[in-house]
Structures are given as C-alpha cells and as structure tokens.
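Number of protein chains: 4
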Amino acid sequence: MDFSPSPRAAELAALVSAFVTDEIEPVHDAYHHDVAAARAAGEWAESPIMGELRAKARAQGLWNLFLPVGHDQPYAEKYGTHGGAGLSNSDYAPLAELMGRATFLAPYVFNCNAPDTGNMEVLLKYGTEEQKAAWLEPLLDGRIRSAFGMTEPGVASSDATNMAATAIVDGDEVVINGTKWFSTGVGHPDCKIMIFMGLSDPNADRHHRHTMVLVPLDSPGVTIERMLSTMNVYDEPVGHGEVTFTDVRVPASNILLGEGRAFEIAQGRLGPGRIHHCMRLLGQAEVALELAIKRGLSRTAFGKPLVKLGGNSERIADARIAIDQARLLVLSAAWKLDVGGPMNALSEVSQIKVIVPNVAQQVIDMAIQLHGAGGLSQDVPLSAMWTNARALRLADGPDEVHRGVVARLEIGKHL
Amino acid sequence: MDFSPSPRAAELAALVSAFVTDEIEPVHDAYHHDVAAARAAGEWAESPIMGELRAKARAQGLWNLFLPVGHDQPYAEKYGTHGGAGLSNSDYAPLAELMGRATFLAPYVFNCNAPDTGNMEVLLKYGTEEQKAAWLEPLLDGRIRSAFGMTEPGVASSDATNMAATAIVDGDEVVINGTKWFSTGVGHPDCKIMIFMGLSDPNADRHHRHTMVLVPLDSPGVTIERMLSTMNVYDEPVGHGEVTFTDVRVPASNILLGEGRAFEIAQGRLGPGRIHHCMRLLGQAEVALELAIKRGLSRTAFGKPLVKLGGNSERIADARIAIDQARLLVLSAAWKLDVGGPMNALSEVSQIKVIVPNVAQQVIDMAIQLHGAGGLSQDVPLSAMWTNARALRLADGPDEVHRGVVARLEIGKHL
Amino acid sequence: MDFSPSPRAAELAALVSAFVTDEIEPVHDAYHHDVAAARAAGEWAESPIMGELRAKARAQGLWNLFLPVGHDQPYAEKYGTHGGAGLSNSDYAPLAELMGRATFLAPYVFNCNAPDTGNMEVLLKYGTEEQKAAWLEPLLDGRIRSAFGMTEPGVASSDATNMAATAIVDGDEVVINGTKWFSTGVGHPDCKIMIFMGLSDPNADRHHRHTMVLVPLDSPGVTIERMLSTMNVYDEPVGHGEVTFTDVRVPASNILLGEGRAFEIAQGRLGPGRIHHCMRLLGQAEVALELAIKRGLSRTAFGKPLVKLGGNSERIADARIAIDQARLLVLSAAWKLDVGGPMNALSEVSQIKVIVPNVAQQVIDMAIQLHGAGGLSQDVPLSAMWTNARALRLADGPDEVHRGVVARLEIGKHL
Amino acid sequence: MDFSPSPRAAELAALVSAFVTDEIEPVHDAYHHDVAAARAAGEWAESPIMGELRAKARAQGLWNLFLPVGHDQPYAEKYGTHGGAGLSNSDYAPLAELMGRATFLAPYVFNCNAPDTGNMEVLLKYGTEEQKAAWLEPLLDGRIRSAFGMTEPGVASSDATNMAATAIVDGDEVVINGTKWFSTGVGHPDCKIMIFMGLSDPNADRHHRHTMVLVPLDSPGVTIERMLSTMNVYDEPVGHGEVTFTDVRVPASNILLGEGRAFEIAQGRLGPGRIHHCMRLLGQAEVALELAIKRGLSRTAFGKPLVKLGGNSERIADARIAIDQARLLVLSAAWKLDVGGPMNALSEVSQIKVIVPNVAQQVIDMAIQLHGAGGLSQDVPLSAMWTNARALRLADGPDEVHRGVVARLEIGKHL
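Protein chains in written order, with UniProt numbering: chain A, 1 to 415; chain B, 1 to 415; chain C, 1 to 415; chain D, 1 to 415.
Everything labelled a hint here was simulated from the structure, so no lab data went into it. It is possible that part of the hints are untrue.
Note that the list lumps identical chains together, so a pair holds whenever it fits in one copy or between two copies.
[Unchecked claim] Here are the simulated PhoX-like pairs of lysine-lysine, each with C-alpha atoms no more than 20 Å apart in a straight line:
hint: 1; residue 1: K125; residue 2: K78
hint: 2; residue 1: K308; residue 2: K294
hint: 3; residue 1: K294; residue 2: K413
hint: 4; residue 1: K413; residue 2: K304
hint: 5; residue 1: K308; residue 2: K413
Small disclaimer: the values here were computed from a predicted structure and weren't measured.
Only chain A is shown next, with the shape it has when bound in the complex (with noise of 0.2 Å):
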C-alpha cells in the first residue's frame, strides 16, 4: 500500500494549485461581476475573463487533464493535455479537488467541467468518426459546450427506466419528442450539442428500451422553455434548463453506439464523472474548514475566539476526520476503476456519491454557521457551495438509489 501521489500526479498538482491561486482566484470576483451585470441586463453572457483564462491554461498544458488514459490518442497530444497522455483517475482525482477550491471557475478554465467531460468520454469511447470529428473535436478544443439530456419532469427520474421521452427511429432518421429538465450548462452561449437519452422501444426488455442519441440544440422543434433554480441559484452563465422536443427530427447516424444501447453507455459514463464531483466537492469542503477555523480565530465572543468555545472545536475536528476518510474513499475507487474498470468499482463509485455531497454539505453548513448570519449572505461564498453540494444529493442519482446500489451488492455477497 502506497498512499503518495505519483510523480506526473504531483508535478501536475503543483501546476494547477499555482495557477489556482495566481491566475484565477485574483479574478473570481470580477468574473462574477461581469456574469452578475449581464444577467441584470436580461442576458445570460459569459464573461471575457473565462476567454483569457483559458488560453492561459491551455498555454501551460493544463487542459483537458480529465482525458481518460486509453483513449486519448492522439486527442491528448493534439488537444494540449500535459504531457500527451491521458491520466488515470487515481492521477487526475487529486488535479479535480485543487480545481474544487475555484468549483465555479476553475473546471470551466482547464476544460474539465461536467457535463462536457463526460460527453467528451463517450464520444471517445463509443462514437464513430464522423460523430467525433464533429463534436468531439470542437469539444476538446473549446469551441463548443454541450448538455446531457436524461432527467424529465414529469417521472421520478432516479429510476432512470421511467425515461419517458422519445427516441423513435423512422428510416434513416431519429424522431425525438418529450421534455427534458435540469439539463446543465443549456444556458451557455456556447452551448451547441446535447445528448438526448430516450425511449425507442417500450417492448424491449427494461435495459434495453433507451437510446442516446446526439441532438443539435439549434435544430427545429428543440426549445429551451425556462432556467431552473436550485435553491435560488441559477448558475448562470451555465444554467440548468427545461427543454422541450417536439417531433425533432435527426439523422439515425447521430445514434450512439446503436439503438437500445443507452444503458450499457450510461453505466460506463458515470463512474469517473462521479469521481470528478466527489473530488471537487472535497476541495469546496477544505476551503469552507479553512474559512471556518479562520473566522474562528478572529472572531471573539464571550471573552474567547470562537473556535475555543461550546463544541465548536470539536466540529472542526469531525470536519477533518470526516474529509480525510471520504478523500481515501474516493481515491480508492478511482484505483479500483483503474486497476479493473467500472464494474470494478460498482459499490465504490455508489458509496462515494452517498458520502462526499453529504459530507461537504455538513462541513460548509458548519462553516456557516462560525460565521453568524454574514455566512448566510452574498459576502462570503459559503452558500454557493452549500448549494452546489446540497444539490450533488440528487444530482447524478440520489442518495437513496445509491444507497440502495451498495445494499444490493453487499447482500449480494450472502446470497
């Protein structure tokens, strides 16, 4: 057992914690200034600080690191990832907890962001030619955004077998109809591709009736009807969206992987995603203890600083405990992918989708609460990530589907 990065891990870490602290963070506030400005004005505009920080981190290599090793030749080359290959998960997982820290820059900055990279991973692993040379390439480049369209309205979508929208193959063409919601990163001028996961034949077996299929936002029948909130947040420029289709027609070539296949690309997709979100909530969970201990030690009450008062050293103690065990947890599961693929780390990747948003969520909320009520307010960022990791419980499947997940295999062992 060898707990210590490896040396391309660290040199790597050692880049983006520096560009972190030197490039992005100087400029978060600005950056959120200018969003903030556009969206009062009634748009939703990126601003042109992300432009120049992405050139920047492409300049160093920094882009792209998430390219799952494997399958990124000759993309690692071409599309500046340091170094020219494609990292591990156990590799890049430390990389996405530095980008935590900045969770609303930093992924966008170095082209690592969800839902972009697992768009950009199932391209790679399950798209043809033509279907990478025309939205993969771009993707990677940075020209474009694109969405994933799976969550729906009107079903309780954690039963992802409850997908109600449409997917019908007429001839050589895709007729795609329903309403998708929370669909990340819509809002985004950029934002050019989605795919749309859908119901193809309500006959086949339970696994087998959905198809992912790649749908153009721009084409006709395809309307963003509103943003939707997550707890009074809206993300912008990003956003989640409800977006309707109405008898949109694509080309059946735009099919991933084949008809009825969604599932069997679904499994795959989501296990190193899931490692990203964990691992950059681990970095939100460290920023918010830092801020806490700090305001506890500037702040007096009752003739002490705060942190020496009633429980509260003790809940940073269980702050750190808590991170420290759930960093392990993940690292061990992105080891596991590595060394035996997805279904190698099936309860893993389900186990750290329970622990690190609930984990985050009581550490921020407990960092917030050190601050008094200026911990509630737009002065500090704690909210924001409150939200973020609030939301991370449903996002991607819901505590209680992964719990179940993890129960099943464990019982499974007995049977």
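Knowing the structure of chain A, use the given hints to seat chains B, C and D on it.
Just chains B, C and D now, with coordinates in the frame of chain A:
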C-alpha cells in the same frame, strides 16, 4: 394536565385557518409574481394584494392577534384584535403555527410579523405615552413598519455585549454612529422607524453599557447601504439591510426606558418572539411533511410509490415524531411564559430556539430529497422554506448560544 | 392547555418521591448485594429487603398505583391503592417516572412492575370472575408474580402473526406446545402464572389465529430451560427465561376472552404499559443527566472542570432538550389515551416507544463517557441503566415496527 | 497511489485468515465454556485450549507478528515471527483486522494482544539489555504476560498529567504508592509484570513529572484489590483490575529510559497500539455486518425478509460505507507512521481513535437490532463485541481528548 386548546384559541384557529386557505393561498403566486416583477424592474415594491388581504383580515378581527394580554388595553379594542383582549402566549401559539403555513405572507396579512411584533411589545411595555402615540399606534394601525438594529458586521454579535455602534447622549440629543446589518424589514417602503441598540457607556458594567433608541429611518445620516441575501434569497420587499449611521441625532426623548437599559429590554423582548418564530417554523415543517407524503405517493420508481422505498417511510415517521415533540416543547414554553414570565421560561425559550429550526430544516430537507431535482427548484416552495429555517438557526441568537444558556441553567442546578 | 399536574397527582408524586429517596435508595446496594450473593451460591433468590419495602409501601397506600381508573372498583379500595380509586394515565405517568429513578427496585416495591401490571390489566378487562379470583387477586395482593409468553426464538417476533407455538382446543382442554423466550419474570420464585399467546387456528384470518391462555407454571410439560442475558445482564432474581411447553394441558376455562381473540387483547394491553416503560426510562435519563453533571463538576482535566471542556456543555443541553421533549410527548400520549382510548393514541404510543428508549440510551451513554472508564464499571449504575434502555428498543416491539406504525398512520392521512 | 497489499502482507493474511477459520473458530465456544466454568467455580483460570492454539500458531511462524520492523532483530528470528523480520505497520494492520474477527481469542493465540504488544515495544525501544533479558524475552516467548498501570480511580485520567500515584526515587530504589485501575490483564495467572507510570517530581514541568517503572506483580505491597467490569463483563481470565501499591520498593534499574521521561515513552508507545485496536475493531464490525445480513436474509416479517423492510438496507449500506472509510483512514495512518514516525501521524492516530470505535459500536448496534431480542443474548457474540467497542471509546484516551488533538493540530495550521 390538559392538552386541549382553550375555547377562544380553538375558535380563532378555525378562523385563521380558513383565512389562510381561502384568502391567502389562492393569491400566493400572484403576490410573489408582483414582487418579482417589481424587482426585475429594479424596484423593491409591495404588491397591492397585500393591502387588500390586510383590509380583509382586519375586517374579520384577525389583526394584531399577537398583542399580549395584560399590556393590550385599550389597544386590542381599538386596533381590531379579535374579541378586544389580548391572547396569552399559549392561546396565540397555535395561531402562529397556522400563519406559518403561509409564512411569507400570512404574518404580514395579520399584522403579526417580526420584527414589528417585538417592537410593538417593547413600545407597549416600555414606551412613554409620547413614544406610543408616535410609533406604536401607527404600527398597530398598519400604517408603518419598523426594524430592529442589533447585529453588526464587524463583531461576533452572538455575544450582544460586543455591539460597537454607539448611541451617546449629548445634552438633550442622542448621537448615533456605526453600522448595523441583517436589519430585517428596512427594504420595505413602509418601514419608518428602527429600534437601535448602541453602546452608550463603555465604562459601565457589561450589561449596562447599551441603550435602545428610536431612530426614524429618514433621519439625516441614516443610509441603507445595501440589501443582504440569506442563502441567495433577498426576501423582497422586506429584505435584510446593511444600514450605516453617521452622526445621526435624535432627541433624547427617543431613548427607551433609560440610558444603559437595553439589555433589560432585550431580555423581555425575545421570549414571545421566539415562540412566534418557532410555531411558524412548525407550520412550515407540517407543510413540508405533507408535500413529501403527497409526492411520495404520486411518484413511482422501481415499481413502487416512493413512500414505500427504502427508508422513506421511516423518515416520514421521524419527521412526525420530531414535529410533535417540538410543538409540545414550544407550547410548554409558552405556558411557562404565561404563568411565570420570562424568567420562568429562560431555559425553555432557549431550548425551543435550538430544536425547532433544526427540526424544520431537517424535515424540509427530507421533503426536498423526496421531490428529486424539482424539490430544489422554483416549482415548489421548499427551497425558500429551507432558507428561512436555516437563517433562524442564526437569527435571534445562534444554536450555540442557546445551547450555552440551557447548559448553564442545567449545570447551575447542581452548583 | 394546562401543563400543571392534577392535585392528586402532585400529592402522590411527593409521597412516591419521598419513599424512593428515604426508603429505597438507602437499601439499594444491600438489596443488590443479597441477590448477587444468592446467585454466586447458585441460586436465584429474592432478598428479604423486598418484602420489607413492599410492606411499608403498602402501609402508606403506595400500592397498585398503576390500577387504571374505570376498571378498578372494588380492587383499588381492597388492595391499597392510594385514595381508593384508580388514576388516569396522565396522573400515573409522573409517578412512573419517579419509580424509574430506582428502576430496578421501585416498580416492584409499589407492585407496579411489568409484566404484572399489563397482566393485571388484562385480567381486569377480560378475565372471568373465576380467573380474577384465581390470579388477579393474588397478583394485586402481591402474593404471586406472573409472566407473559409472546416472543419466540425461531421466528421474527416483531411480526406477532409469526408466532408458531400452539394452543389448540381439545374438548374442554387446551393443549400447549412450543417455545417462548425472553419471558420476563420467570426466574422469580413467586412467578406462578403465564399469559401464553399461541396459534390456535392457522386457517383463520391473520388477526384471529391466536389465543391467550392462562398457564400455571407448575403445569406438567412446562420447563424453564434457561435464563437469557441481555447485554451480559441476567436481571436476577427476575430474569428473562426460555420456556418450553410440551403437551401442556390446561382447562379451556383458562382461555382469555375467547379463542382467536389474542390480538384484540394485545392491542388494548400495550398502551398503558408503554407509557409506564417510557416514563420509567425518563426517570433513568434524569438520574443519568444528574450523575453526568455532578461528575463533570467534580473532575478536572486540562485545568478545568469537565463540564467546561469541549462539547460537554452542549451535550448536557442536548440531553435536557431531548428529555423534556420526550416527556411532553409521553404525557400527551397518556392524555390522548385517557380522553379517547387506545385507538385515539395509536400513533402517539408508537412515537414514544421509538423516541424514549433512544433518548434514554443516548443520555446514559453521554453520562458514561463523562465518567471515563469508571462509568463502564460496577461502581456506578450507568451500565445497568444503559442495558435497560437498549433492551427496550426491542422489547414490546422494535423501533422499526413502531416507526412503521407511525408512518402508516401519517401516510394514511393523505390516501 | 497503490491500494494493494504488499506480497508479504497478502501471504500472511491468507495464513492468518486460514488459522482463524480452521483452528480458532472451531474451539471458540469450548474455550469460553472452560473459562466460564472456572469462574463459576470461583477461579480465574486459563483454558488449556489457549496453550494448544498458541503452540500451533507459533509452529506456523504466526507469532509476534506485531513486532515492529527496525527494532526486531534478533528477536523476530529467535521468537518465531514469520520470515524472521518485522512487519511495517501497513503490513501488519490487515492481519490485526483478521485477528479482530475472533478478537477474544486470536490476538492472544498469536501473542499479539494488548497490552503485551505495547509493553514489548517499550522494552524493545527503551529497555536496557538487562530489562530485555528479564521481561522482553519471556514476553516474546509467551511464558509470561504483562500489564500497564496508568489510569487511576480518583482523577480524570484523560488528562494524563493528573496521575497522582507516586514513583519516588530513594537511593538505588524506587518507592511506589497509589492506586491504578482498569489495568488490563492482571487477572491472568501468567501476568507477572506491570509498567507503572507514576509521579516522581511534582515540581518538574508538566510533561517531565512522571516516570515509568517495571514493577513485578509479586512485589511486596502490590495488591490486586478487585476486578472491574465493563458494561457488566469481566473479560476473564484477562480482566481489568484495581491494584494498590503500598510502599512498594523496586530497584532503580527498573526505571525505563530515565526519571521524568514517562511522557516521552507514552507518546511513542500508543501509535501502533491504536492501529492494532482500530483494525481489530474493524474485524469485529465486518463480522457484525455479516451476521446482520445473514439474519436479515433468513428471518421474515410482514411477508418479506428483514433486509427488505424499511430502512434496513440503507443501514447495511451505511455500515459498509462507514467501515470502508474507517479502514482506509487506519491504513493511511499506518502508512504515515511507517514513512514518518509518530510525529508524522499525530492527527491521523487521534482521528482513527475517534472514528473507529464509534463506527464499530454503531454497526454492532445495528446488527443487534436486526437480530431482535436474541441479539442481546448470550446466543450471539454481539453484546460482547459491542461492549468491547464501547470500552474503546474510553480506553487509550476518550473520544473527546482525541477530538481535541485533531482540532488543535487543524487550527494550528492557521495560527
């Protein structure tokens, strides 16, 4: 022991409940639409719906129901309180719960909202005839609103002796300087007066250094600098403001009770207010539990309604148990206030201030989770309710301070 | 709403409290010494101290106080119940809490211990005159003790319909076969009778298959196989036994209420019993909290008394809040039982059965922790108290079953 | 990062696991029967089974496996350690978990039990050649056992500087006075020596007042006053004793390391010991989880196996997540000890000491609950396992002290 409500309380509960259901709920969305539209246009404005609802409520005698028995004559009769005499805390508490079911409207509709209620109580108990005529009567009459200036941005306000803004007597005037924030209500166009708590004599003993002064918001030197969000919400048109005071001068006759007597007032002020807050939160928790069950019955996953899946039914049971226990504790605290005054209920009032916001927050969080992603969105009221509960873990004293009070009194029994 | 006790309850509380303090506590250690000495000598024997205490209690009319109003004439007068009439559940509940402070002695001293109380209630409500003369009167008179045979080793007894031991009517006899365990009280030399619940007609509907029969423990074919420990404790001389029944024959006149009517009896039997258990546990929790604070004040570490270290004071506050909430819930359940009978308090009785043992367990655990290693030892009563609370999370239905009842009733409101 | 065990650790794990399964488990009940029979006869005696198992284990080289690398030559070779060289903490940790599966036997069988392991480490690191010959060699050889005298009845021993028993140098002797309790192991007939920690110079600075001395238990003036229970369990034949020392005189050459250097020794002693304790507890937690699932699959209520009812499957998932996280944290702490010594793992060692006993306690409690009343009884090992976990929340420092260490180090990063 008799857990049934008094006949008067039962009768009023029926009236308030019917008013909330028949009058308020049908216009709830329209009200919020008005306010949002105003804000989108750059304005914080009250909706005309509020005035109409208030007129109706007042016509039914459902007005100023919070007015505490014993201090209410002749106001109860004059300002419409049902039956012409104040209610005990025990009798009012269930009405506050019912108002809490529509918590962002009902308390205002019935002229029973914080901080006006607490301010009116202070004026009733400690105001001079002149002060009552100038401020209490317009408040009871619903012509103006008020704010309370206590929390400050630069210090840990959980220890109220930290308050640094000054209120210095200078001849027959008081000179006010400093900054208050999270002053709830200052965003409302009708808000005209603040009860300001400031340091008047730093050399006095810890609990006699501060003074309460009535400060009209249109006094020269008073500036509302900005509105503060709580978890991304601004609660317009009420709002929580940051207010600066620069050499503000008001007549010394605006002092309440006397120089250096702010803590004496504060101690008596908060008991009933905390009963109100807690009962309203329990109204919210009941709504959340109902929403959770209805959603859990109507959505199906893995072949079953959500309420039958995993631990969902246990969480529903736990919510019921937690709410019922918390309500009994609040009612018992109200009864102790009634029979023995604030000093008789010191521990109980702190106990409810700890437990109720936490219970409400957890029940609402559970309801969000049962709703899936939609639970986070603007389509259901749960995110606003959650924010309200979370904020009340800090407002009127953080959990930690109230736990400290309970512990001190408990340990004191054995000294 | 009036949270004060009735005058009769207040008067009795003073008497019971004084008796516990003045008579029971001084001989507590001597009593346990006697019992332990007997056991070391291979015997389960009652200490003579018990008889002396019972005589004194009875002489003061502190005897059979549990006797439920409405079913008690003429027994209350004849068998010493104070004042000659039964108490309501509300009035008895605070007395049970006081007895709980010396829970391993006081309930026996006052002839108010489980399962005798529940058995006497059953006989009062459902017994024939002959059954009452034979078993109720000696029980009320304190001449004998009794057991209740429900739980079985081979099935999940949490679902009472699983019970497999049989009670088959054969002419004018009933034939009993099978095994019961955790039959509390069978270790005591005075235990003479068991109310046995057995399967009498497997073809009847689920709730009419079982019958309750009075089985004298000296009937041929009844064997106490062994005594069972709970968390390493045997609770001698009372004990929890495993009892086998092999072709045991008793007259059919020993059937209670009628063949197939066991569930009807069971439903009514458990409401008051759960009130008693819960109040006694709250008495224990209060003792534990007092011990914790006294220890926390008297021991010093790192220069401070333990109560001032870290989160200890918060835990004391949390204990006070949890106990007070739980007590109010039990009192409210008792009141609902009094005003509307068992069907009026179904949810409440299950609610208290979930929450109170958990609260007691946690408070006692906290008290152990504050005592350090000594808290685990024979030098303080905390380990025995903890075991008692833990066992009550299973006895009379596990937490999970009662949560299920609460959830079912709650969800049922929306069906 | 590489989460796979080293080849040597993997090989040994297979051997230890087979030995536990094939040799220890079959005689587990017989062993406990022997011990209980002896105790019923008034004696604390070892079962002959222990000697037989130890001989077999030693013959396979499964002996003294805890011996730390770097301090072990020539002992590892001489005293049977497999392969003739010590194991790193990382390599030993998984073996400790396997031993923990049969925790009341296996550690003794492999001569890897506390407190002998810690005492042997102290002798290895700090003992003179004479001390090693006299006490280390017989311990390694399994001829004797040992105790550690630290905790005292009259003070809060969580603050070790409170220790009041004295060890005063008087010429070439040391004079020992005072009382120690919870001295584990003194009940065993083979226990011959105690490492005693006593106050030698009250005027020295806080961490140089105490001295460690080797005190043979047959020294005049040493009296084992009584054995202490932990949650009603005596752990015979090992036991936890209260030992008084009255003018006990031992040669000054029995001092370890030097006068006033007890804290220096204590600091180094506890790291590996806590790794061992925690890993053994995780072995217990795994057994409890297996028992819970097996029971939950085999028992049926309300028409379903228990694992499918309510929140049971969620609790199983939570147990798996908690165990896996805790294990990774322990392994990471072991690795940090290996690469940087005790000062490199101060926070980590305290972190695991907080989290692991709590996780084990909760998992075992869950398993008890799933077993119903039988889970509390002597028929399943869960009550003994629970007691062991509970006691370890106090032994080697209570949760609160270790949380304090973690908090202090965490806050220290920001000072």
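Do the hints match the structure? See the list:
Taking the closest pair of Cα atoms, K125 and K78 come within 20 Å of each other only inside a single copy of the chain (17 Å); across copies the shortest separation is 57 Å, beyond that limit. When the C-alpha separation of K308 and K294 is checked against a cutoff of 20 Å, the pair qualifies only within one copy, where the shortest distance is 12 Å, while the shortest distance between copies is 23 Å. Only between protomers do K294 and K413 lie at most 20 Å apart by alpha-carbon distance; the minimum there is 10 Å, versus 46 Å within a single protomer. Taking CA atoms no more than 20 Å apart as the test, K413 paired with K304 passes between copies only; the shortest distance there is 19 Å, against 53 Å inside one copy.
For the homomeric pair K308 and K413, the shortest alpha-carbon distance between copies (15 Å) is at most 20 Å, but the shortest distance inside one copy (47 Å) is not.
When the structure is compared with the earlier hints, no violation turns up for any of them.
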